[in-house]
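The listed protein sequences derive, respectively, from chains D and B.
So in our numbering, spot 113 of the first sequence is number 113, and the numbers just go up one at a time.
So in our numbering, spot 56 of the second sequence is number 56, and the numbers just go up one at a time.
None of these hints come from the bench; they were simulated from the model.
Certain hints may be false.
Here are the simulated SDA-like cross-link-like pairs (lysine to any residue), alpha carbons at most 20 angstroms apart as the crow flies [said to hold, decoys possible]:
1. D/Lys-57 / B/Asp-95
2. B/Lys-101 / D/Gln-64
3. D/Lys-42 / B/His-104
4. D/Lys-57 / B/Ala-94
5. D/Lys-42 / B/Thr-65
6. D/Lys-57 / B/Gly-100
7. B/Lys-3 / D/Ser-58
8. D/Lys-42 / B/Gly-100
9. D/Lys-57 / B/Glu-31
10. D/Lys-83 / B/Thr-8
11. D/Lys-42 / B/Arg-68
12. D/Lys-83 / B/Gln-45
13. B/Lys-3 / B/Ile-106
14. B/Lys-3 / D/Val-112
15. D/Lys-42 / B/Thr-8
16. B/Lys-3 / B/Thr-83
17. D/Lys-42 / B/Met-10
18. D/Lys-42 / B/Thr-83
19. B/Lys-101 / D/Glu-44
20. D/Lys-42 / B/Gln-38
21. B/Lys-3 / D/Gln-41
22. B/Lys-3 / D/Ala-88
23. D/Lys-42 / B/Gln-108
24. B/Lys-101 / D/Thr-5
25. D/Lys-42 / B/Asn-23
26. D/Lys-42 / B/Lys-52
27. D/Lys-57 / B/Arg-68
28. B/Lys-3 / B/Ser-70
29. B/Lys-101 / D/Ala-88
30. B/Lys-52 / B/Arg-68
Because the structure is a prediction, the values reported are computed rather than measured.
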Amino acid sequence: EPEVTQTPSHQVTQMGQEVILRCVPISNHLYFYWYRQILGQKVEFLVSFYNNEISEKSEIFDDQFSVERPDGSNFTLKIRSTKLEDSAMYFCASSEQPNTEAFFGQGTRLTVV
Amino acid sequence: DAKTTQPTSMDCAEGRAANLPCNHSTISGNEYVYWYRQIHSQGPQYIIHGLKNNETNEMASLIITEDRKSSTLILPHATLRDTAVYYCIVRRGADGLTFGKGTHLIIQP
Numbered sequence: 001e002p003e004v005t006q007t008p009s010h011q012v013t014q015m016g017q018e019v020i021l022r023c024v025p026i027s028n029h030l031y032f033y034w035y036r037q038i039l040g041q042k043v044e045f046l047v048s049f050y051n052n053e054i055s056e057k058s059e060i061f062d063d064q065f066s067v068e069r070p071d072g073s074n075f076t077l078k079i080r081s082t083k084l085e086d087s088a089m090y091f092c093a094s095s096e097q098p099n100t101e102a103f104f105g106q107g108t109r110l111t112v113v
Numbered sequence: 001d002a003k004t005t006q007p008t009s010m011d012c013a014e015g016r017a018a019n020l021p022c023n024h025s026t027i028s029g030n031e032y033v034y035w036y037r038q039i040h041s042q043g044p045q046y047i048i049h050g051l052k053n054n055e056t057n058e059m060a061s062l063i064i065t066e067d068r069k070s071s072t073l074i075l076p077h078a079t080l081r082d083t084a085v086y087y088c089i090v091r092r093g094a095d096g097l098t099f100g101k102g103t104h105l106i107i108q109p
């Protein structure tokens, strides 16, 4: 069964460093998403991406964040100058069409020290 | 997206049907009802979704009231592995999903 894959599963970085979280969406999907979940809190929407541009973003997704689809398979989330409060699980998701289900990856646990 | 209201927690005996309610009284005509679940800190798992008709798949059934202001997710024969947080979400098109606190379903042996 096709699945969304995310790498790495766990990333530790020093405060102020840049990190890139990687996702490989399901191959025929056209809509891509990033979410985060701070420990013990709700899953929060960050950004959606379609046709090589951001289609929607939340208040959390400020200038510190950027997304890119550098090739035909990867979808990345870059976090510049990480802060302690960026520590969270980051989930990538993809869906084929509007009004169809989004499938989530297993997440990358980001720890900023 | 419209807001949803779910009970904080529910218990269900193993082997019985688990019925999880959700209120979405402000749902718009073009918004779908989605159900996801999350086990520990794993990625949310899609369960089912619908617009106005009842839906069934291999995991669950979704019953949506005629006025679409509420719905019920039914897990027909709950197992211990169904213990998870269940999220009812209303969503328009390809918008991002807005997760609430969900219902913590505990399946009792």
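Structure-based check of all given hints:
Proposed proximity of D/Lys-57 and B/Asp-95 is supported: the alpha carbons are some 10 angstroms apart, at most 20 angstroms. Proposed proximity of B/Lys-101 and D/Gln-64 is contradicted: the alpha carbons are some 27 angstroms apart, above 20 angstroms. This hinted pair checks out: D/Lys-42 and B/His-104 have alpha carbons roughly 13 angstroms apart, not beyond 20 angstroms. Under the criterion of a C-alpha separation no larger than 20 angstroms, the hint pairing D/Lys-57 with B/Ala-94 is consistent with the structure, at around 12 angstroms.
Restraint check for D/Lys-42 and B/Thr-65: not satisfied, since their Cα atoms lie roughly 27 angstroms apart, outside the 20 angstroms limit. This hinted pair checks out: D/Lys-57 and B/Gly-100 have alpha carbons roughly 18 angstroms apart, not beyond 20 angstroms. A threshold of 20 angstroms between alpha carbons decides the hint, and for B/Lys-3 with D/Ser-58 the separation of about 16 angstroms falls inside it, so the pair holds. Simply put, D/Lys-42 and B/Gly-100 have alpha-carbon atoms about 6 angstroms apart, close enough for the 20 angstroms limit, and the pair holds.
Straight-line distance between C-alpha atoms of D/Lys-57 and B/Glu-31 comes to about 19 angstroms, which keeps the hinted pair within the 20 angstroms bound. The straight-line distance between the Cα atoms of D/Lys-83 and B/Thr-8 is roughly 32 angstroms, outside the 20 angstroms bound, and the hint therefore fails. Note on D/Lys-42 and B/Arg-68: the hinted pairing is violated, with a Cα-Cα distance of about 25 angstroms set against a maximum of 20 angstroms. Among the hinted pairs, D/Lys-83 with B/Gln-45 is inconsistent with the structure: their alpha-carbon atoms are about 29 angstroms apart, more than 20 angstroms.
For the suggested pair B/Lys-3 and B/Ile-106, the alpha carbons sit about 24 angstroms apart, so the restraint of at most 20 angstroms is broken. For a cut-off of 20 angstroms, the pair hint linking B/Lys-3 to D/Val-112 is broken: about 32 angstroms separates their Cα positions. With a C-alpha separation of about 13 angstroms, the suggested pairing of D/Lys-42 with B/Thr-8 holds against the 20 angstroms cut-off. Distance hint between B/Lys-3 and B/Thr-83 is unfulfilled; the C-alpha atoms sit about 24 angstroms from each other, more than 20 angstroms.
For the hint linking D/Lys-42 to B/Met-10, the alpha-carbon distance of about 18 angstroms falls within 20 angstroms, and the restraint holds. A hinted pair counts as satisfied when its Cα atoms are at most 20 angstroms apart, and D/Lys-42 with B/Thr-83 qualifies at roughly 17 angstroms. Distance check on the hinted pair: B/Lys-101 and D/Glu-44 sit about 11 angstroms apart at the alpha-carbon level, within 20 angstroms; holds. Pair hint D/Lys-42 plus B/Gln-38 holds up; C-alpha atoms about 11 angstroms apart against a cutoff of 20 angstroms.
For the given pair, B/Lys-3 sits about 18 angstroms from D/Gln-41 by alpha-carbon distance, which is consistent with the 20 angstroms threshold. Straight-line distance between C-alpha atoms of B/Lys-3 and D/Ala-88 comes to about 24 angstroms, which puts the hinted pair past the 20 angstroms bound. Of the supplied pair hints, the one linking D/Lys-42 and B/Gln-108 is violated, its CA atoms being roughly 25 angstroms apart against a limit of 20 angstroms. Straight-line distance between C-alpha atoms of B/Lys-101 and D/Thr-5 comes to about 25 angstroms, which puts the hinted pair past the 20 angstroms bound.
As the CA atoms of D/Lys-42 and B/Asn-23 are separated by approximately 19 angstroms, the hinted pair is consistent with the 20 angstroms bound. Of the pairs offered as hints, the one joining D/Lys-42 and B/Lys-52 is violated, with about 27 angstroms between alpha carbons and a cut-off of 20 angstroms exceeded. Restraint check for D/Lys-57 and B/Arg-68: the C-alpha separation of about 28 angstroms exceeds 20 angstroms, so the hint is violated. Proximity of B/Lys-3 to B/Ser-70 is assessed by CA-CA distance (about 11 angstroms); at most 20 angstroms being required, the pair is judged to hold.
Our distance criterion of 20 angstroms between C-alpha atoms is met by B/Lys-101 and D/Ala-88, whose separation comes to about 17 angstroms. At most 20 angstroms may separate the alpha-carbon atoms for a hinted pair to count; B/Lys-52 and B/Arg-68 meet this at roughly 7 angstroms.
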